[in-house]
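> Counting in our numbering, the sequence shown runs from 1 upward without gaps.
Take the hints with a grain of salt, since some may be wrong.
To be verified - The calculated label-pair distances, taken between Cβ atoms and stated as ranges, are: (1) 311 with 104: 34 to 42 Å; (2) 7 with 282: 19 to 27 Å; (3) 373 with 311: 57 to 65 Å; (4) 312 with 346: 52 to 60 Å; (5) 394 with 371: 19 to 27 Å; (6) 312 with 412: 52 to 60 Å; (7) 185 with 412: 23 to 31 Å; (8) 145 with 266: 35 to 43 Å; (9) 118 with 50: 23 to 31 Å; (10) 39 with 201: 46 to 54 Å; (11) 394 with 201: 18 to 26 Å; (12) 370 with 215: 16 to 24 Å.
As the list claims (entries may be wrong) - DSS-like, lysine-lysine: derived pairs with alpha carbons at most 25 Å apart: (13) 22 with 147; (14) 199 with 219; (15) 313 with 219; (16) 278 with 397; (17) 370 with 400; (18) 49 with 120; (19) 97 with 120; (20) 120 with 33; (21) 219 with 286; (22) 33 with 115; (23) 115 with 286; (24) 370 with 350; (25) 135 with 43; (26) 400 with 388.
Because the hints were derived from the structure by calculation, they are not lab data. Only a predicted model underlies this, so the values are computations on that prediction, with no experimental measurement involved. Ideal placement from N, C-alpha and C gives every residue a C-beta, glycine not left out.
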Amino acid sequence: MPGVHLTLEERKSIQFGLDSCKSKTEIAVGISKSASTVSKEIKRYKIAKPSNLYGRGPCGFCIHVRSCKDKRKGRCLRFEEFCERLKHKGVCNGCGKRNICRQSKYYYNAASAHKSYRFKLSDTRQGVNLTEQDKNFIAQILSPLLKQGQSLYQIHTNHPEIKLSIKTLYTYIESGIFKESGINNFSLRRQVSMKARKKTKPRKTPANYKQHTYDDYIKFKEDNPDIPTTEMDTLYNEPSGPYIQTFMFQNCNLMLGFLHSEKTSASMASVLDRLEEKLGKKDYSKLFSLLLTDRGTEFATHNLFEYNKKANKLRSNIFYCNPQKPSEKPHVETNHNYVRDIFPNAISFKGITQEDVDIAMAHINSTPRKSLNGRTPYEMFKYLFGAKILDKLAVKKIEKDKVILTPHLLPLLEKRCRLSEKALIARYK
């Protein structure tokens with residue numbers, strides 16, 4: 001088809017045809033192109049390989065050099081450098097004498113030709129498609145009329161001799177092409193007063209919750225009633241972080257917390273990687289085989305949570321609550337009230353450490369619950385899973401009378417609370 005560029009596959013067909021000693025016409029028929037197209041392609045992209053005849057003089061390039069006894073250094077009547085093969089096909093592909101031939105050689109390589117074509121294609125589209133004469137001609141028209149307050153559209157309409165589109169003119173002016181003629185953005189009447197348009201952010205690929213919905217969770221529980229559920233959530237006071245990832249074991253109300261600087265699936269799932277390594281496969285499966293969480297972006301990539309990073313084997317089943325339905329994971333939501341007693345909404349998390357989070361969780365887990373008949377989550381977990389797992393998780397027990405559930409538990413938060421109280425008092429004085 002005329003006007004259609006050659007593809008890599010067609011170039012490979014040309015190279016194969018040359019290697020097989022086919023004529024240009026035969027090659028052209030095979031790729032449904034004209035013989036002239038094939039000829040131009042070979043001529044344009046053939047690769048030269050000069051002959052290494054250093055020190056042999058002009059006679060070294062003569063095809064009769066071996067039989068000639070009259071060495072006249074290229075001035076004899078028999079001197080002949082031209083190769084008949086180059087005359088017909090233009091390249092040495094498929095030539096049986098190329099290993100013993102003394103002439104400079106030319107080859108056609110499909111991959112190299114396509115690479116050169118791609119570079120030329122992009123290179124010709126870069127820069128300004130305007131000669132110096134055309135630029136000065138357009139500038140002479142634009143400069144006085146813009147100073148008279150005319151718009152670019154008005155000038156373009158009244159001067160059809162300007163062969164560029166309005167959009168191209170705006171682009172050239174913004175790029176400073178006519179800067180030497182005193183034309184820039186400030187020359188455009190409306191351009192200065194207009195705000196820059198907001199750039200639209202690329203749309204995020206929606207998360208795929210197929211086979212991971214809350215209805216799927218209910219069905220999974222019906223089929224596997226003995227597998228306990230661990231609820232997962234995230235707490236933060238500022239969108240920029242830091243963030244506290246929380247795990248809540250439904251059967252004992254024990255909560256774990258992990259500090260993050262990023263709110264991404266990779267960061268959140270890395271905690272499961274560390275827990276799996278620390279606990280071992282057997283103990284990990286007791287606690288994290290079934291996860292229930294919300295549809296936050298930090299949990300959207302379910303494969304990172306479900307599969308072991310190294311062995312790529314299933315380690316957990318994760319399911320997601322329906323949108324705007326926090327009541328479907330009530331245990332972790334309710335227990336967050338205890339967390340908020342220590343980490344108030346108005347106080348920044350910046351500066352807190354994982355050690356601070358561990359201390360806070362130890363005090364929360366040592367608080368008796370009515371739902372556990374007066375037992376603490378620590379005691380209930382120890383009864384169900386044993387003390388060894390508690391040691392692996394580094395969960396500590398706090399004496400009942402030493403439990404603190406206020407920001408005063410952590411010096412940094414206590415200081416911030418005092419400053420906040422002073423600011424509030426000063427505001428209403």
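> So, for every hint listed, does it hold in this structure?
Each hint, compared with the structure:
1. For the pair residue 311 and residue 104, the supplied restraint of 34 to 42 Å is violated, since their beta-carbon distance comes to about 58 Å.
2. Checked against the given bound of 19 to 27 Å, the beta carbons of residue 7 and residue 282, roughly 56 Å apart, lie outside it.
3. Checked against the hint of 57 to 65 Å, the pair residue 373 and residue 311 fails, with Cβ atoms roughly 41 Å apart.
4. Between residue 312 and residue 346 the beta carbon distance is about 44 Å. The supplied range of 52 to 60 Å is therefore violated.
5. For residue 394 and residue 371, the Cβ-Cβ distance of about 25 Å falls inside the hinted range of 19 to 27 Å, so the restraint holds.
6. For the pair residue 312 and residue 412, the supplied restraint of 52 to 60 Å is violated, since their beta-carbon distance comes to about 41 Å.
7. One distance hint, 23 to 31 Å for the beta-carbon pair residue 185 and residue 412, is violated here, with the actual separation near 50 Å.
8. Evaluation of the 35 to 43 Å hint for residue 145 and residue 266 yields a failure: the beta carbon distance comes to about 57 Å.
9. At about 26 Å, the CB distance of residue 118 to residue 50 agrees with the hint of 23 to 31 Å.
10. The hinted window of 46 to 54 Å between residue 39 and residue 201 holds, with their beta carbons roughly 50 Å apart.
11. Between residue 394 and residue 201 the CB atoms are about 41 Å apart, so this pair departs from the stated range of 18 to 26 Å.
12. Taking the beta carbon of each, residue 370 and residue 215 are about 31 Å apart, not inside 16 to 24 Å as hinted.
13. The suggested pairing of residue 22 with residue 147 is violated, with an alpha-carbon distance near 66 Å, which exceeds 25 Å.
14. Pair hint residue 199 plus residue 219 does not hold up; C-alpha atoms about 44 Å apart against a cutoff of 25 Å.
15. Under the criterion of a C-alpha separation no larger than 25 Å, the hint pairing residue 313 with residue 219 is consistent with the structure, at around 22 Å.
16. For the proposed pair residue 278 and residue 397, the alpha carbon gap of about 20 Å is at most 25 Å, so the pair holds.
17. Simply put, residue 370 and residue 400 have alpha-carbon atoms about 15 Å apart, close enough for the 25 Å limit, and the pair holds.
18. Taken as a hint, the residue 49 and residue 120 pair is honoured in the structure, with Cα atoms around 22 Å apart against an allowance of 25 Å.
19. Between residue 97 and residue 120 the alpha-carbon distance is near 33 Å, which puts this suggested pair outside the 25 Å criterion.
20. At roughly 21 Å between alpha-carbon atoms, residue 120 and residue 33 fall within 25 Å of each other, so this suggested pair holds.
21. The straight-line distance between the Cα atoms of residue 219 and residue 286 is roughly 20 Å, inside the 25 Å bound, and the hint therefore holds.
22. Distance restraint check for residue 33 and residue 115: the Cα-Cα separation of roughly 20 Å lies within the 25 Å cut-off, and the hinted pair is therefore satisfied.
23. Proximity of residue 115 to residue 286 is assessed by CA-CA distance (about 56 Å); at most 25 Å being required, the pair is judged violated.
24. Only pairs whose Cα atoms come within 25 Å are accepted, and residue 370 paired with residue 350 is rejected, the gap being roughly 33 Å.
25. Our distance criterion of 25 Å between C-alpha atoms is broken by residue 135 and residue 43, whose separation comes to about 35 Å.
26. Annotation: proposed proximity of residue 400 to residue 388 holds, straight-line Cα distance about 22 Å (limit 25 Å).
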